[in-house]
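Chemist: Read off the chains here:
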Amino acid sequence: MILRTAFVCALGATLAAAPQNTFKSRVEAVRVDALVTDHGMPIRGLGSADFEVFDNGIAQQVDLVSFEQIPLNIILTLDMSDSVAGDRLDHLRDAGRSVLATLEKGDQSALVTFSHAVSVRAALSGETSAVRQALDQAEGAGETALVDGVFTGMMIGESDAGRALQIVFSDGLDTVSWLTPAAVLDAAKRSDVVVYAVSVKAAVKPEFLRDLTQFSGGRLYELEKTADLASTFKAIVDEFRHRYLVSYTPRGVAKDGWHRLDVRVKRKGADVKARPGYLAGS
Amino acid sequence: MIRGAALLAAAFVVSFGAQSVLPRPPDHIARVQRWLAAVVRHHVGTLDDSAMEVESWSDAQLSVLFTDLRALTVIMRKPDQRVMWVPPRSRTSVPLFAEPEQQRMKVLACAAGGIALTDFHCTKDKVSRMFDADLRELERLAVDGRGAGADNFVLKYGALLETDIAILAPASSSPMTLPPNGGAQRFRVEMSDGQATGIHQSAVHWEIARMLLDAVRTTRGAEPAPARDSMVRDWYVATAQWMQFNVHYDSNHLNHARGLFPNDRDILFLAGTQHAIYATPRIQGAVRSVVLPSGYSMDARSDGEELRQARTLLRRALEVDPSFGEAHLRLGRVLALDGQFADAERELTAAETAAPDEPNRYYAALFLGSVEEALGRFDEARAAYDRAAELFPLAQSPLVGIAELARRRGDRSTALRTMQEVFALPPEADERKDPWWIYDIWQARDADDRLAAIRQPFGGDTP
Numbered sequence: 001m002i003l004r005t006a007f008v009c010a011l012g013a014t015l016a017a018a019p020q021n022t023f024k025s026r027v028e029a030v031r032v033d034a035l036v037t038d039h040g041m042p043i044r045g046l047g048s049a050d051f052e053v054f055d056n057g058i059a060q061q062v063d064l065v066s067f068e069q070i071p072l073n074i075i076l077t078l079d080m081s082d083s084v085a086g087d088r089l090d091h092l093r094d095a096g097r098s099v100l101a102t103l104e105k106g107d108q109s110a111l112v113t114f115s116h117a118v119s120v121r122a123a124l125s126g127e128t129s130a131v132r133q134a135l136d137q138a139e140g141a142g143e144t145a146l147v148d149g150v151f152t153g154m155m156i157g158e159s160d161a162g163r164a165l166q167i168v169f170s171d172g173l174d175t176v177s178w179l180t181p182a183a184v185l186d187a188a189k190r191s192d193v194v195v196y197a198v199s200v201k202a203a204v205k206p207e208f209l210r211d212l213t214q215f216s217g218g219r220l221y222e223l224e225k226t227a228d229l230a231s232t233f234k235a236i237v238d239e240f241r242h243r244y245l246v247s248y249t250p251r252g253v254a255k256d257g258w259h260r261l262d263v264r265v266k267r268k269g270a271d272v273k274a275r276p277g278y279l280a281g282s
Numbered sequence: 001m002i003r004g005a006a007l008l009a010a011a012f013v014v015s016f017g018a019q020s021v022l023p024r025p026p027d028h029i030a031r032v033q034r035w036l037a038a039v040v041r042h043h044v045g046t047l048d049d050s051a052m053e054v055e056s057w058s059d060a061q062l063s064v065l066f067t068d069l070r071a072l073t074v075i076m077r078k079p080d081q082r083v084m085w086v087p088p089r090s091r092t093s094v095p096l097f098a099e100p101e102q103q104r105m106k107v108l109a110c111a112a113g114g115i116a117l118t119d120f121h122c123t124k125d126k127v128s129r130m131f132d133a134d135l136r137e138l139e140r141l142a143v144d145g146r147g148a149g150a151d152n153f154v155l156k157y158g159a160l161l162e163t164d165i166a167i168l169a170p171a172s173s174s175p176m177t178l179p180p181n182g183g184a185q186r187f188r189v190e191m192s193d194g195q196a197t198g199i200h201q202s203a204v205h206w207e208i209a210r211m212l213l214d215a216v217r218t219t220r221g222a223e224p225a226p227a228r229d230s231m232v233r234d235w236y237v238a239t240a241q242w243m244q245f246n247v248h249y250d251s252n253h254l255n256h257a258r259g260l261f262p263n264d265r266d267i268l269f270l271a272g273t274q275h276a277i278y279a280t281p282r283i284q285g286a287v288r289s290v291v292l293p294s295g296y297s298m299d300a301r302s303d304g305e306e307l308r309q310a311r312t313l314l315r316r317a318l319e320v321d322p323s324f325g326e327a328h329l330r331l332g333r334v335l336a337l338d339g340q341f342a343d344a345e346r347e348l349t350a351a352e353t354a355a356p357d358e359p360n361r362y363y364a365a366l367f368l369g370s371v372e373e374a375l376g377r378f379d380e381a382r383a384a385y386d387r388a389a390e391l392f393p394l395a396q397s398p399l400v401g402i403a404e405l406a407r408r409r410g411d412r413s414t415a416l417r418t419m420q421e422v423f424a425l426p427p428e429a430d431e432r433k434d435p436w437w438i439y440d441i442w443q444a445r446d447a448d449d450r451l452a453a454i455r456q457p458f459g460g461d462t463p
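Here the protein sequences come in this chain order: A and B.
Going by this note's numbering, the first residue of the first sequence is number 1, and it counts up by one from there.
Going by this note's numbering, the first residue of the second sequence is number 1, and it counts up by one from there.
The set of hints was computed from the structure by calculation and includes no laboratory data.
Computed from a prediction, not measured in an experiment: that's the story for all the values here.
Ideal placement from N, C-alpha and C gives every residue a C-beta, glycine not left out.
Check before you lean on any hint, since a few could be wrong.
Covered by chain B, according to a simulated footprint, are these stretches of chain A (three or more residues, beta-carbon under 8 Å) [to be verified]:
{"id": "1", "stretch": "46 to 60"}
{"id": "2", "stretch": "151 to 160"}
{"id": "3", "stretch": "168 to 174"}
{"id": "4", "stretch": "181 to 192"}
{"id": "5", "stretch": "225 to 236"}
Pairwise CB distance ranges, derived in the manner of DEER restraints [as the list claims (entries may be wrong)]:
{"id": "6", "chain 1": "B", "residue 1": "Y296", "chain 2": "A", "residue 2": "P276", "range": "39 to 45 Å"}
{"id": "7", "chain 1": "A", "residue 1": "K273", "chain 2": "B", "residue 2": "A171", "range": "25 to 31 Å"}
{"id": "8", "chain 1": "A", "residue 1": "E207", "chain 2": "B", "residue 2": "T219", "range": "30 to 36 Å"}
{"id": "9", "chain 1": "A", "residue 1": "R97", "chain 2": "B", "residue 2": "R417", "range": "48 to 54 Å"}
{"id": "10", "chain 1": "A", "residue 1": "R97", "chain 2": "B", "residue 2": "T312", "range": "49 to 55 Å"}
{"id": "11", "chain 1": "A", "residue 1": "G252", "chain 2": "B", "residue 2": "G410", "range": "49 to 55 Å"}
If the Cβ cut is set under 8 Å, some of the chain B residues that face chain A in the computed set are [to be verified]:
{"id": "12", "residue": "W85"}
{"id": "13", "residue": "Q195"}
{"id": "14", "residue": "G198"}
{"id": "15", "residue": "H200"}
{"id": "16", "residue": "R315"}
{"id": "17", "residue": "L391"}
{"id": "18", "residue": "P393"}
{"id": "19", "residue": "G401"}
{"id": "20", "residue": "R408"}
{"id": "21", "residue": "V422"}
{"id": "22", "residue": "A429"}
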């Protein structure tokens, strides 16, 4: 009886049907998403010969560089804890819809929400209606399991061979995750999923999201107000579409452990943003 | 509810002596009399009209009442006693009450103590002639109580009245009054999602209850001896549990309890768990985000310091009762968070064996999963997580633990297969029942039963 009471106290209501994901095979080559800009503007038209990749300081043969034409797997990982209500919830729903509106043929999307419970509201698929419907139904309630939610979104990204972008929104601190930030940062170092995160400015800095986006090669946005969420989400997708996917098969380096990555472009003034390394052996 | 959780910050319980005393309105003794009438009329365990009347008094009025009731507890034992206090910036004590007030307090104290007809100082002044109906009833009840071996009628019933208001009345709060102006003061830091959302002054019902119980004495003793009274001990355990279960943390409460009952395993245990809770991100986040006026500080320290205090107190609880399974569990968790994995494994293994219920067995297995992983014993970690998942198949925590463990081991297929189970969990959170989500309140699950047991001898509902 007490257990039931306690759970009723602690938990919030949520909804939607249980989704199903399928997992596909993966390649062993290392893939690096790289944003190449000149004074903030993306540089287009680069090929393999324009890139230099150093894996633990060893120059690598770049096998393939792709740009724009690669379908995206976008995983929305959204905070639906107590604090997300009213205008903030409306803004978050609008932001999710704005991402769906940018999807192109071949792109897929999924929706993960987290309060204390992590729920996969819509599995990864090319159908946006499930995500749209789940967005409409989601309500904020409960505590914040940000770290567990990010890990779940990351695993959805890894469940498909496509190019994965995880967009995380949270307006609070993690208060109830089982996994530790260190464990999920470790997982991020082993993952190809690029994480962009959006948080609301607060007295306590979002250290986990800062480290996560840094390790995955993404970016952290700290907003003053959530009215800017939709434009921020849209800007994230736009930026991600302008990233190159550089792949190579590691040579001359250890199989396991941390690999420091250095991606360069042989063009004056070019600025490259990519993940700083990866953990091999997984 | 976890929402709107509150952390008590600087609770200024001001004692006689070095502190200022609030400017007191002329009718403040009348308020003491009204409070005594409320004690007489109150039905324990309810928020009846008597409780609501006291609840309606302002923070400042209750602060003055605290001071006057404290004086009453002295005068009811020694009716000729003049209560003194030391004004600020003074070394000389002066009477707290002017002569007419002292006489009026004496009348009230003779009734409250049930000594109107037996104490020389009460009979000399023929105080019983000044009793109204409520005071006559109060005196009768106090006498009856003493006849039944309980010479603490107004103290215990008064404490239970204040307890009922603190527990049953909707939480009220008002803006902070600065600077602290005497009497007793209590401040609450409210928080949500790990961030402080406000700081308010709130009523001092808990402070009044503690102060009253401090004056409890044994049947034959002349001096207060609350530590020898089982009701006082049980009251502290029950109320501390209630506070933890309802996420209303108050370090002063448990510190005071530890002062009275330094070797009580349950009080040591609850004090230890409270420090462990203070080390959690939800409290540490609030500590980091709260903006306090100068001169105030939170009673939660750094997570490392809180874990150290928790470890010390839980170890003391186990010294008192080495078979205390839940203390092994909580100590194991604290040790793991502090990076002492080998010691944590030993405590958690003992806890899993001695667990009194499934949630506690689940906690032990779940924590062992992370400890074994930290020790590099991945097969043992997986086995521990599997035991936890078997106990609560719809809980997400052991599943993400297994997936993360597999990911760390380079076993991506197992990680993904396990996450399939997470994806398939019911989306409704209240269908999932992951005990991990209520770990910080599970130790206080008996709070309602314990409160009912406290109230029952005083006319409250039968537990």
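Chemist: Decide, hint by hint, whether the structure agrees.
Modeler: Consistency of the hints with the structure:
no.	hint	result
1	46 to 60	violated (count 0)
2	151 to 160	holds (count 6)
3	168 to 174	holds (count 4)
4	181 to 192	holds (count 5)
5	225 to 236	violated (count 0)
6	B:Y296 x A:P276: 39 to 45 Å	holds, 42 Å
7	A:K273 x B:A171: 25 to 31 Å	violated, 49 Å
8	A:E207 x B:T219: 30 to 36 Å	violated, 59 Å
9	A:R97 x B:R417: 48 to 54 Å	violated, 32 Å
10	A:R97 x B:T312: 49 to 55 Å	holds, 53 Å
11	A:G252 x B:G410: 49 to 55 Å	violated, 21 Å
12	W85	violated, 40 Å
13	Q195	holds, 6 Å
14	G198	violated, 13 Å
15	H200	violated, 18 Å
16	R315	violated, 25 Å
17	L391	violated, 12 Å
18	P393	violated, 14 Å
19	G401	holds, 6 Å
20	R408	holds, 7 Å
21	V422	holds, 6 Å
22	A429	holds, 4 Å
In summary, the structure is inconsistent with hints 1, 5, 7, 8, 9, 11, 12, 14, 15, 16, 17, 18 from the numbered list given earlier, while agreeing with the others.
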